[in-house]
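> In the working numbering, the protein residues as written are 443 to 670.
These are computed hints drawn from the structure, not numbers from a lab.
Worth double-checking, as some hints may not be accurate.
Label-pair restraints from in silico Cβ distances [to be verified]:
hint : residue 1 : residue 2 : range
1    : 546       : 615       : 24 to 34 angstroms
2    : 549       : 521       : 24 to 34 angstroms
3    : 573       : 632       : 42 to 52 angstroms
4    : 663       : 538       : 20 to 30 angstroms
5    : 630       : 597       : 32 to 42 angstroms
6    : 456       : 541       : 46 to 56 angstroms
7    : 509       : 472       : 21 to 31 angstroms
8    : 471       : 448       : 37 to 47 angstroms
9    : 540       : 477       : 15 to 25 angstroms
10   : 486       : 508       : 19 to 29 angstroms
11   : 618       : 446       : 55 to 65 angstroms
12   : 598       : 508       : 20 to 30 angstroms
If you're wondering where the values come from, they're calculated on a predicted model, not measured in any experiment.
A virtual CB, placed ideally from N, CA and C, is assigned to each residue, including glycine.
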Amino acid sequence: MVRKFLIFLLLVGLGFVFFTLVSDYTLPEALGPTARHYGEKGISETGALNLVTAVLVTYRGLDTLGEVTVLFLVASIFGFYLKPENTRRPSPPSPLLNTASGMILPLILLTGIYIIVNGHISPGGGFQGGAFLASAFLLALLAGTGRQLSTRLFSIIESSSGFLYVLLGLAGLFFAGGFLDSRLLPGGVPGKMISAGTIPLVSILIGLKVGTELSSMLIKITHSDGES
């Protein structure tokens, strides 16, 4: 009875907090100083037409480093706790899924690569493209063609991309205007493939890191269920 009463009080408190936030919220009539700076000077300072990627990679690149670190910790926890316990023989995959995956898998990989390398020009970037690459490996696992995949190669790629990411950030700190400053390399012409300084390189590294970390988790889940 006491437990239910405490839960009720907690729900009432949370409801009061959310009601206060909603009742006092008003739509802003103008952009704040930070958002206005991004909108007015983002392209000239970074050379990237996609200001979302410019903000994630350059202006708040240190926050992005924290986000990929959290994802790395999650992948590490998966690898530590998920152990192969079930040794039953896996059921054969559906022939339809196996055949369709051979046609769809290359398209998913190409889409993921396109999203990553064009992240500074069009909507996309390393996080979105990395998720696409991981979905391709998920399809391979479901189709049975990726059951022999090892996390060792993914670990090497993940560690290398993370190390290079930090190196680029420190290089920007010492040789440009700050951590992950895109002006470490020439900005080029906005809208061209070779432009936006180091932003395309950082997007590629983030895409590789996110893709390999998610793929490692998927492989761990599959192996722990006896699918290896």
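> State for each hint whether it applies.
Going through the hints against the structure:
The supplied range of 24 to 34 angstroms is broken by residue 546 and residue 615, whose beta-carbon atoms lie about 42 angstroms from each other. Evaluation of the 24 to 34 angstroms hint for residue 549 and residue 521 yields a pass: the beta carbon distance comes to about 29 angstroms. Between residue 573 and residue 632 the Cβ separation comes to about 26 angstroms, which falls outside the hinted range of 42 to 52 angstroms. Between residue 663 and residue 538 the beta carbons are some 23 angstroms apart, a value that agrees with the proposed interval 20 to 30 angstroms.
Checked against the hint of 32 to 42 angstroms, the C-beta distance between residue 630 and residue 597 comes to roughly 34 angstroms, which is consistent with it. Remark: the range hint 46 to 56 angstroms for residue 456 to residue 541 is upheld by a beta-carbon distance near 50 angstroms. Between residue 509 and residue 472 the CB atoms are about 29 angstroms apart, so this pair conforms to the stated range of 21 to 31 angstroms. Checked against the hint of 37 to 47 angstroms, the C-beta distance between residue 471 and residue 448 comes to roughly 42 angstroms, which is consistent with it.
Checking the proposed 15 to 25 angstroms range against residue 540 and residue 477 shows it is violated: the Cβ atoms sit about 49 angstroms from each other. Between residue 486 and residue 508 the beta carbons are some 27 angstroms apart, a value that agrees with the proposed interval 19 to 29 angstroms. Separated by about 58 angstroms at the C-beta atoms, residue 618 and residue 446 satisfy the suggested range of 55 to 65 angstroms. Between residue 598 and residue 508 the beta carbon distance is about 23 angstroms. The supplied range of 20 to 30 angstroms therefore holds.
Taken one by one, the earlier hints fail for this structure at numbers 1, 3 and 9, listed in ascending order.
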